[in-house]
Amino acid sequence: MTTNTTAHESHLATTTGLDHRKLLMWLFLASECLFFGALIATFLLYKDASVVGPKPHEILNIPVTSTSTFVLLTSSLAMVLALAAVQRSDVVSARFWIFATAFLGATFLGFQVYEFYEFVIHGLTPKTNVFGASFFTLTGFHGAHVTVGVIWLMSLFFYSFKHGLPAEKSLDVELMGLYWHFVDIVWVVIFTVVYLIGSLEPPAT
Amino acid sequence: MATAVGAFGGADHAASKSGVWSWITTVDHKRIGILYGVTAVTFFLIGGFEALLIRLQLAEAESTLIAAGLFNQLFTMHALTMIFLAIMPLGAAFFNFIVPLQIGARDVAFPRLNALSYWLFLFGALLLNSSFIFGGAPDVGWFAYANLTALEYSPSSAVDFFALGMLVLGVSSLAAALNFIITILNMRAPGMTLMRMPVFTWMTLVVSFLLVFALPILTVGLVQLLFWREFGMPFFSAEAGADPLLWQHIFWLFGHPEVYILILPAMGIVSEILPTYSRKPLFGYSTVVFAGVAIGFMGFAVWAHHMFTVGLGSIALAAFSASTMLIAVPTGIKIFNWIATLWGGSIQFTTAMLFALGFVALFVIGGLSGVMHASPPVDTQQQDTYFVVAHPHYVLFGGSIMGLFGGIYYWFPKMTGRLLSEGWGKLHFWLMFIGMNVTFGPMHLVGIDGMPRRINTYDESMGWELLNQIETVGAFIIALSVVVFLVNFFKSVKSGEPAGDDPWDGRTLEWSIASPPPEYNFARIPVVHSNEPLWDQKHPELKHDAPPVIAGGADEGAEESIHMPNPSYWPIVVAFGTALAAGLVIVNPWLASIGAVIGVLGIYGWVFEPAGPEHH
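Here the protein sequences line up with chains A and B, keeping their order.
The first sequence runs 99 to 303 under our numbering.
The second sequence runs 1333 to 1948 under our numbering.
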């Protein structure tokens, strides 16, 4: 959240040896697990509970989402390369990979906008049924997290032109990376639970 | 306005340290603690006033003093105010003021985030209470069950105020909890291992973890509630195939840990007070700590005991019944440890000690009726009667409030440098102790007799009038005790007896420095060798294995000057933007973007502002 540590914090040893901000990010992400966990639980409760269609297996488009998933996971690779570049003080490559991460994230968001648009065309809005409500809320909040990440990445990108990205600032990029990888991992869970498992036709009862 | 301080004292107080602006921009954990405390006591008075109105209405059968609609708002806001705006922030006041002192730290890990937590709490509280003026306060009970919160049954904006106010308060608590976990894990003085931390600091850590894991669940529920009402997404509409029980599961999965969030700080305070005034170390320190941690874990496993009557099925009933009874074990362990601490001690009956003893006695009563509710058949009988009202009040008033008042009497000298009057304090205690039992004791009886909770009136033929009148008298005795406290408080702030650094012959690090503490807390960071460092330093003859601890006597850092973080107005800007966005959602979701823009600009201003002096 903060880019500048106080001067005395940066060289003061902590009891655990971990930086305050890194610990903050880990704990924040731990609480985010519960946030997404509750959203996923709601989806699992509601995916087959709708009294009107469309049902998940009728509308989810696995090939399209597989493509966007691939794009998002690739962005994690770009993020890793960005951090590595910052750590060896290679500002030009760092800038490139930060931009690439943001670009891939934005591409994923484009896929999501397309998917939402397609669903609405085919009669699934957040109001249509409980599947729609829980699906759009879950994937929408994930998309919002990606959006925040893209804004954060672009802020870092423009910041680097003004102040550079020296190796001692690598923690800023590392924190960004923790957040970004977390958002990608959550997507892996969502893709598995919502798209792969969710699109299975429910057994006839 | 950075304050540089020489290592050997001589604080530079040239910078502005008074005036409204210095409080608005403060990032000093002690000042933020005082802000939390004063705000929380104010809301305690408001919540108490609401309770008095409720009791006045119920004092006689078929009373028409307060209309049914307003009555619903009063009991809902009484609960929300006491839980989220009085007890939790009063705990936070002590976390802020005391925890860094107990662990030998100069500040919290994120001073500006700490300020943000306070301002979000204040604005969230104002948002929640402004609903009385704008379109009606929340009137659906503090748990706001679906489908009562559906647009068709609650068409006013009351439920939106509930959801948005709680969201803002949730962000505040989450930020504070993250801050305290990192402060406690990362900023302990050399030698202060986890098992040497004072119990109050330990309980703060447990409570913070509970908040970090419980609040996001509530956030999801509130978001679903808002989307349901604002955008027509059928999250709780049974006719669309939704399960309204989802709300209850989500709410209580947050709500039960919340109960331990409310009681554990008081348990921590009592664990500090009893050894000090028994002049004995806490009996079974590690057991008390582990019991607190166990309560934290088990708090997440018992939520469905709030839902025994909704038709969960026998296996779920048995599992949650067993887990609920099991959580009484670590609680009982703590109580036995407190009693064993008293055993054979040379006890001083100060006001703080009386409150701690009152806590133990009343919490036992509340805990026992809790074990009764853990049995589904018994719970079915007591469901929604005044018996169930008596239980949380014994736990939260007899427990949390008593413990927190004990904390006020215990640490007031450290916070202000002055003592509260013992005479007025004892009058306060006895009035509150008696009033509390007169108010909530008869609720057990009237509850067993079948009086439902949340009714605004009752028929005279039910025979509940006498007990209700007694309860109302008790409520006014409590009110009188609070007046006594306020008199004592203001008298002492103005002209209380000077306290000195260590008025109680304390055992932990906060008593090793001046009262009130200097801005930098410790001129030198102390080195710790036991869990009662100050006591061992004062009584080296009692501890042969531990070398004496010289609080503030470490060589490390002695050569460098102390830098405290700069004041900042960005926290209040971010908090204002967030609360404004939340408030405007009620008017029109698009208007909320105004607040969001202010909040985002505030975050950018915050990020690019240097947090502390650049060089030393």
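Derived from the structure by calculation, the hints contain no laboratory data.
Remember, it's a predicted structure, so these values are computed and weren't measured experimentally.
Take the hints with a grain of salt, since some may be wrong.
[Unchecked claim] Here are a few chain B residues that face chain A, going by a calculated C-beta distance under 10 Å:
hint, residue
1, 1518
2, 1549
3, 1556
A virtual CB, placed ideally from N, CA and C, is assigned to each residue, including glycine.
Cross-check of the supplied hints:
1. For residue 1518 of chain B, the interface hint holds, the least distance from its beta-carbon to any beta-carbon of chain A being 4 Å, beneath 10 Å.
2. Given hint, residue 1549 of chain B at the interface with chain A, holds; its Cβ is 5 Å from that chain's nearest Cβ, closer than 10 Å.
3. About 7 Å separates the beta-carbon of residue 1556 of chain B from the nearest beta-carbon of chain A, less than 10 Å, and the hint is met.
Taken one by one, the earlier hints all hold for this structure without exception.
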